[in-house]
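Participant: Quick note, the sequences are listed as chains C and Y, same order. Counting in the working numbering, the final residue of the first sequence is number 143, and the numbers go up one at a time with none missing. Counting in the working numbering, the final residue of the second sequence is number 1109, and the numbers go up one at a time with none missing.
Hints in this document: simulated from the structure, not taken from any laboratory. Misleading hints may appear alongside valid ones.
[Said to hold, decoys possible] Label pairs and their in silico Cβ distance ranges:
id, chain 1, residue 1, chain 2, residue 2, range
1, Y, Asn1028, C, Lys39, 52 to 58 Å
2, C, Phe119, Y, Leu1048, 24 to 30 Å
3, C, Arg59, Y, Ser1029, 53 to 59 Å
4, C, Ile28, Y, Glu1036, 56 to 62 Å
5, C, Arg59, Y, Gln1042, 30 to 36 Å
As the structure is a prediction and not an experimental result, all values here were calculated from the model. Every residue, glycine too, gets a C-beta built ideally from N, C-alpha and C.
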Amino acid sequence: MSGQLQIQLTATAEATYSRCSGEAEECIAKGDESNPKVKFFQTLKDALTEGIPSDPFNRKMALSGSLSNIFRFSKENLRICYLGQGQQRRIVVLYICQSTAEEDDCYAQFAYIVLSGKFDAAFASLGLRPPDRQGVFPGPIVN
Amino acid sequence: MTPFIDSAIPRIDRSVEHVGVSRLRKLNSDDLKTMETTLVLQENDQPLAVLLKYEKYLVLQDQLDTLMRTIYVLRNPEESAALRAGIEDVNKGRTKDLYEIKAGLNKKK
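Chain Y with its partners taken away, still in its complex shape (with noise of 0.2 Å):
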């Protein structure tokens, strides 16, 4: 997408419905396995809470986790130095083989 139109043109979710809480009151098992949008509840425009289906929470907090072992990384300074050498290990081609590791330490016994 071009990013101009992005900014110019106000963009409008069509995976999320702002409904009235008593849409929740009417909703049946069958509503809630083939629902494709997440609903906003609101009352009196006020936005009380969100319903998502469960696949798309798990998906959401499988994301999260993953952001926050990634925060967790990069702010650990011995795991994001340690990070950083072996990446640039990698880049400089030193790497070797598992097998070859035992064996050379075996062979040190």
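Chain C on its own, in the form it takes in the complex (with noise of 0.2 Å):
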């Protein structure tokens, strides 16, 4: 894939980039330059420099079935969801967003959907058995 990668941001994004931004300024001319909001925002303009221009349109990165064409980056505690087409060289940054916490364990996330009984009916109309929910998978991570 050739040409430069046009980056565009929702106002949405704008705003907590523009917020990050202020922040790291604040804490570099009060000299704390080893403040996590500092670092944050390099790891954020890293990742829109960097990170995803190097592989925008990874599958990897991508949402699935009617979101497939959103991709969410995710580097240390930063997390980036654009929308993009390979054709078109162009992605519309759509949030940028900081997780406080690890990222959740998803799978053991959607064993908790799963084992909460709302997919029950879908496993019924598939003819198949409920999961057995005797402690096999840990309780939820709430956010």
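Two chains, two frames, a set of hints: combine them into the complex.
Facilitator: As structure tokens, this is what we get:
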């Protein structure tokens, strides 16, 4: 794939970017360069200039189904979701967010949803037994 | 495919073969390299294991990861709200180039 990647930000993403930029600047002005806010903004800048442009349409970052043209970049405590199509060489950052906790174990979370009984009707419609609910999986991780 | 045909006729998946465990012993590396079907290995009609090509497994794994990522985003209140807000921004044309944003921030300094 060739050509420079055009990066646009939605108003939602721009608000976060500007806020993070301001917070980092403030810390630097106070001489507090090791503040996590400075590091976070640096990670964000690196993601937008190197991380994402190096392989923006990698399917390993894509969401599924009707959201498959949305990608989610994740590094350290930074999460960036963007909309993109390979042919246009353009991405639109939908949002930027900071994860305060370690990324939840999605498999455990999925197992929790299944074990909660929410999918029982779907299982029944497929002629499948509902799963065994005897403490095989860990409890939910609450954000 | 017409939906009523779908429900009226049982479908046979040609890409899956149900075989006895003894078939496993007969497989060599060439068979595994050229294997087109997924094998359900069974003993006395009881399915015991599934044998599929490595590449197929990776595809399944990637699909599962993609699904898990989607579930995570949609179940995380902060991310799903931000996702909706971001999509609404795109629909209403509220987007700006990154270099423009950077230039604006530099001007403020």
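Participant: Now, for every hint given, state plainly whether the structure supports it.
Facilitator: Outcome of the hint check:
no.: 1; hint: Y/Asn1028 x C/Lys39: 52 to 58 Å; result: holds, 54 Å
no.: 2; hint: C/Phe119 x Y/Leu1048: 24 to 30 Å; result: holds, 26 Å
no.: 3; hint: C/Arg59 x Y/Ser1029: 53 to 59 Å; result: violated, 29 Å
no.: 4; hint: C/Ile28 x Y/Glu1036: 56 to 62 Å; result: holds, 60 Å
no.: 5; hint: C/Arg59 x Y/Gln1042: 30 to 36 Å; result: holds, 33 Å
Hint 3 from the earlier list is the only one contradicted by this structure; the remaining hints agree with it.
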